[in-house]
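Student: Residue numbers (my numbering), protein chains in the order written: chain V, 92 to 516; chain S, 39 to 286.
Here are some of the chain S residues that sit facing chain V, going by a computed Cβ distance under 10 Å:
(1) R95
(2) E109
(3) V146
Straight-line Cα separation of at most 16 Å, EDC-like style, residue types lysine to aspartate or glutamate; simulated pairs:
(4) V/K515 / S/E145
(5) S/K187 / S/D221
(6) V/K423 / V/D409
(7) V/K455 / V/E484
(8) V/K500 / S/D153
(9) S/K259 / S/D221
Derived from the structure by calculation, the hints contain no laboratory data.
Virtual Cβ for every residue (Gly too), placed ideally from N, Cα, C.
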Amino acid sequence: MANDNVQMWTELNIDLKSHDMLLSALGPIFQEVYLSQKNRPAGMGFYDFVVGDIHGIRVRELREHAKNGGKVVATYCVFVPEELVWAADAIPVGLCAGTQFSVPMAEEVLPRNTCALIKSSFGFRLGRVCPYVQASHLIVGETTCDGKKKMFELLNQYQPVYVMEVPNKKTERSRQLWHGEVLAFKDVIEKLTHNKITAEKLGQAIDLVNARRLALQRLYNLRKVSPVPISGKDALLATQVSFYDDAKRDTQMLTALCDELDKRVAAGQGVVPANAPRILISGSPMAIPNWKLHHIIESAGAVVVCEESCTGTRFFSDLVKPTKNNLEEQLKAISDRYMNIHCACFTPNDERPDDVVRLAKEYKVDGVIHYNLQFCHTYANEAVKMEKRLEKEGIPLLRIETDYSDEDKGQLRTRIEAFLEMIKK
Amino acid sequence: MISAGLDVGSRTIKMVTFDTVVKDSVVIETGTNPLRRCQELMSGRDYGRLVVTGYGRHLVAPALGGEVVSEIRAFAIGARYLYPDCHTVIDIGGQDCKVILMSPEGEVQRFEMNDRCAAGTGKFLEIMANTLEVEVGELGNLALNASRKVQINSLCTVFAESEVVSLIARGEEPGAIALALHDAIATRISTMARRVGIRERVVFAGGAALNKCLLKLVGEKLSVTLTVPDEPQIVGAIGAAILAGQKR
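Put together the whole structure using the sequences plus the hints.
Tutor: Put into structure tokens, the structure is as follows:
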């Protein structure tokens, strides 16, 4: 198995030496952050297995798919409508960009004051340490921030990149622009795969992705219970894996996990005591293996019960509205659904503070931690409005700005512990 | 019952024993083995419970059988004990600086703290004192006696040091450079304080509160009179010791 992996990585032109270092760094981190947790649901076994062979089995599936003439489409953002990819018998994979490991590699090219997510993703390609990138036939970027936008131009020198234009406002004109982008993306995918996207195929793809969204919604609804039956770290991992696992299998695994959690809830069994402070995290996405903030919070005795982020509610809270099997209506439903993601790239974006206030109540949280990656100007600036709004609502807020490195762990720990002392009843 | 508080900071360790008043207090350097320093400091002392704060709290507390509290809460409690009408604490320590706003009941209401590097903290002053070839304790007086004003724009220790070096090379008087450095720190902490919101009485704590120039500039920028405790460094340790006494 291990040897098979090495052979596959060699074929994918992976830098084996660096890649070895990456994988051997991940093991102990996963042990410390995940496997040392007590009272985990048995259903997390699947996710442990997936991370344990993170660059093996799933990559092999993608390779098999490619050998049979299928295409692999890599994405970085929840704006890319994956239904269109599935409908053309291609496989979408959300790329991870959550480790400090690849940041120095990126800094050989990118400006240092670029956010860690952009640097990490670019570093993976530059350093040839991500088999998912190597195995993909097309990378689809988007214009959700200036840093990414320009990084994609550079990435295009190494691998084919297509960029979707996400508008910056929510006006009718912007909606039209976005709808045009969705139509253009359909053409791009059809051209890449030489497959025609039919209404029937697209209908199936919509159902496939909606089913996974419903399963994630169910998981998150279970986190509203007190005592909460699953740790924030475990729920985050399940969400992160959903970005690159097979959608059908992922739905099954999530369903099994939720069935188990249902039993826990019925038995009143929590993963932490009922009086543990409940935290909502809002802000920048946490790509795998970025578990830094959750780990600090949960090590201090609190529990994360919800993430208002692209690796959280923004990923699945809206479904594509089911329509008749009619391409025109389906495409309209898709563009409406994606345009309704309350990303900080929009101005204004007042729906997002509304969401956070609503979620804070639904999940009965004791406090909100606003998290933004350093140099992520959209989320950092939006935090100012968020702070005012939450103050008005009487919801305690801590603002954290950080990156993937460990250098600020001590200070973060102090601030988070002080925040928890402050909100403890 | 005597309780003890330890504040294991990046530069110094502060120890306080307390019953209804402060019985004893010690300030020593942290050095490279803070745990051993703390063990030596506490051995043979008679105390009931112990609470540890400061950046070394998680290292020291388990070994000495104490509980932990964040510096934020420890400083709030300590300052409130020393000044029952205190509502804001400004603390500039060895490698961090913070502003804490308290409710009328003395609970932490809001706080800000520097988030990674030691820009604008005690360590910054130490390094700049070194560059200007004076003791850190003399840096404030040097600045107060400046005959003119110059500007230093950077708070990053590395960049500011280059600025200092070029000012020296230009023949600038050391006092003016020192004043500019103090002004940069005072601006930063005042901005932080305004973001948190300040309510009087404002207590200025931490080792940097001993610096007269900083005291003057921060007070001017915030237009408030700052209260400096007799021993501004031990405020967090006092808070920890009081908490230890309350825990049952």
